[in-house]
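For what it's worth, my numbering labels the leading residue of the sequence shown as 802, then goes sequentially.
The hints are simulated quantities; they were obtained by calculation from the structure and are not laboratory data.
Just so it is clear, CB atoms sit at the ideal spot from N, CA and C, and this is done for glycine as well.
Do not take every clue at face value.
What the hints assert, rightly or not - Computed spacing ranges between beta-carbons, pair by pair:
hint: 1; residue 1: R882; residue 2: S860; range: 35 to 43 Å
hint: 2; residue 1: T803; residue 2: E922; range: 15 to 23 Å
hint: 3; residue 1: I877; residue 2: E922; range: 18 to 26 Å
hint: 4; residue 1: N829; residue 2: Q863; range: 17 to 25 Å
hint: 5; residue 1: E869; residue 2: G822; range: 16 to 24 Å
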Amino acid sequence: MTPWRVVLDSNVIISGFLFGGHPACLLNYALSGSVRCFTSLPILDEVRDVLQRPKFGLSSDQALTLIEELHGLCEIVTPQRRVRKVSADPDDNIILECASVAGATLIVSGDSHLLDLGQWEGIDILSPADAIQRIQGQSGQQE
802 MTPWRVVLDS
812 NVIISGFLFG
822 GHPACLLNYA
832 LSGSVRCFTS
842 LPILDEVRDV
852 LQRPKFGLSS
862 DQALTLIEEL
872 HGLCEIVTPQ
882 RRVRKVSADP
892 DDNIILECAS
902 VAGATLIVSG
912 DSHLLDLGQW
922 EGIDILSPAD
932 AIQRIQGQSG
942 QQE
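Construct all of the structure, not just a fragment, from the sequences and the given hints.
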């Protein structure tokens with residue numbers, strides 16, 4: 802069985818680290834090797850910046866520790882091309898860029914701009930709950 806090749810949006814990563822639920826389950830899949838998780842330096846930078854916002858109450862060291870954990874969970878890829886698909890929120894394009902170079906089979910996001918696409922270049926874009934259902938339902942067998 803080939804593991805799913807997954808790119809997690811920064812909102813899913815942050816939710817998984819801080820709040821649990823379906824996003825944490827996806828991080829656990831990456832930890833166990835049930836899915837291959839991919840990220841890029843721009844995504845890591847975005848996660849770090851968001852984690853350091855005062856509303857989360859994390860110190861710089863705590864945010865860095867989480868980024869290091871993420872770095873260990875995910876394979877780092879370097880996007881080779883710029884994507885300009887999401888005009889309403891151009892920052893979301895870094896997720897598409899990462900998914901493209903990673904050869905992802907799934908993008909997991911809680912962001913409506915990405916979810917509204919439904920699919921991009923043959924890559925399904927699902928919510929965390931729908932991604933878990935897809936992964937569990939197909940036991941690693943991709944469509």
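A quick look at each hint next to the structure:
no.: 1; hint: R882 <-> S860: 35 to 43 Å; result: holds (36 Å)
no.: 2; hint: T803 <-> E922: 15 to 23 Å; result: holds (19 Å)
no.: 3; hint: I877 <-> E922: 18 to 26 Å; result: holds (21 Å)
no.: 4; hint: N829 <-> Q863: 17 to 25 Å; result: holds (20 Å)
no.: 5; hint: E869 <-> G822: 16 to 24 Å; result: holds (22 Å)
Going down the numbered hints, you'll see the structure goes against none, and every one checks out.
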